[in-house]
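Engineer: Residues per chain are reported as follows:
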Amino acid sequence: MTKKYLAQIYVTLRPSVLDPAGTAVQSGLAQMGYHNVDGVRIGKYIEMTVMADDYHTAREQIDAVCDRLLANPVIENYRFDLLEQPSSVVK
Amino acid sequence: MKFGVIVFPGSNCDRDVVWVTSGLLDQPTRRIWHQETDISDLDVIVLPGGFSYGDYLRCGAIARFSSVIPAVVEHANQGKLVLGICNGFQVLTEVGLLPGALIRNKELHFICDRQFLKVENTNTPWTSAYSSGEVINLPIAHGEGRYYADAETLAQLEDRGQILFRYCTANGEVNQTANPNGSLNNIAGICNPKKNVLGMMPHPERASDPVLGFKDGMKLFEGLLKAVVGAVS
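Protein chains in written order, with this note's numbering: chain A, 1 to 91; chain B, 92 to 324.
Same shape as in the complex, but just chain A (with noise of 0.2 Å):
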């Protein structure tokens, strides 16, 4: 395992879901006197560094991940992004 990658991950409630915090912020930006938003959905953003050998191994690790733990797909989608980091470890 000699390559690094950061994984940045994203996950957000189905659209069937209600959200009543993303409601009661939307009415506390409302409060603020912001009357043109609308869609105010609340969700999680996780990252993790993870050493695999390649990006395709590393991507298959966090997907599952993601179905697994970080999601609860009856109710969240998520998605993520994959970046090589330097890593220190020299082959």
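In short, the hints are calculated from the structure, not lab data. Any given hint might turn out to be false.
Label-pair restraints from in silico Cβ distances [to be verified]: (1) A:GLY43 x B:ALA246: 21 to 31 Å; (2) A:TYR45 x B:GLY145: 12 to 22 Å; (3) B:GLY170 x A:MET1: 41 to 51 Å; (4) B:ALA246 x A:GLU84: 23 to 33 Å; (5) A:GLN8 x B:LEU115: 46 to 56 Å; (6) A:ASP67 x B:ASP250: 47 to 57 Å; (7) B:GLY234 x A:SER27: 13 to 23 Å; (8) A:TYR10 x B:ASN228: 17 to 27 Å; (9) A:GLN8 x B:PHE156: 16 to 26 Å.
From the three backbone atoms N, C-alpha and C, an ideal C-beta is built for every residue, glycine too.
Given the structure of chain A, go ahead and fit chain B onto it with the hints provided.
Structural biologist: Frame of chain A, contents of chain B only:
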């Protein structure tokens, strides 16, 4: 009837369950640390309420991966009994032993209150001591109790009689004013198609000791004993 109550880091309603099954009903009961793997000696596995893993990420999301869980799944697959109360219900949906998910209460408040429930289906070991349509009163205490499932799953639950408890008024009306958390179809508790796994948000173990002023929860445990063992001591 041998009861096992699983304790995850953060579970806090385990002793209340033990008080009912062992203290009041005199059934052999042991607490199971979440890292144990052998639960084959037990008849009923209870996943109690609390805040397993601090409710971090999602309620029950991390507890799902505790080493005892594969044994719980096997226990359920063998047709043996599994009861998830509150956080336990959340864990069961994360594990996939029950469908759907429990999410943040619609009004965003943590609700600690007495709640009327309608017993919808008495044709299960869990609800056999209640009468059909009976209105009971159990305590609820949760911030993430809103039951959600997609339309297809909801239809299946309804068709197959898997909804055992619904939030209702004192008169048994199932409507939105009686719904404390926005659960779809006022769902408070469901079972799997084989009826051996029950998940419910209200706390029957907190309504079993008459000293506390509630007694409707005891009928769940008594019904279970009678239905399975055939006698109550």
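Engineer: Would you mind marking each hint as holding or not holding in the structure?
Structural biologist: Against the structure, the hints come out as follows:
About 28 Å separates the C-beta atoms of GLY43 (chain A) and ALA246 (chain B), a value consistent with the hinted range of 21 to 31 Å. The beta-carbon spacing between TYR45 (chain A) and GLY145 (chain B), approximately 19 Å, falls within the hinted interval of 12 to 22 Å. Checked against the given bound of 41 to 51 Å, the beta carbons of GLY170 (chain B) and MET1 (chain A), roughly 44 Å apart, stay inside it. Between ALA246 (chain B) and GLU84 (chain A) the beta carbons are some 46 Å apart, a value that contradicts the proposed interval 23 to 33 Å.
Under the hint 46 to 56 Å, the C-beta atoms of GLN8 (chain A) and LEU115 (chain B), about 52 Å apart, fit the expected range. In this structure the supplied range 47 to 57 Å is violated for ASP67 (chain A) paired with ASP250 (chain B), their Cβ-Cβ distance being about 29 Å. About 20 Å separates the C-beta atoms of GLY234 (chain B) and SER27 (chain A), a value consistent with the hinted range of 13 to 23 Å. TYR10 (chain A) and ASN228 (chain B) have their C-beta atoms about 43 Å apart, which leaves the hinted 17 to 27 Å range violated.
Our hint of 16 to 26 Å for GLN8 (chain A) and PHE156 (chain B) holds, since their Cβ atoms are close to 23 Å apart.
Against the hints set out earlier in the document, violations occur for numbers 4, 6 and 8.
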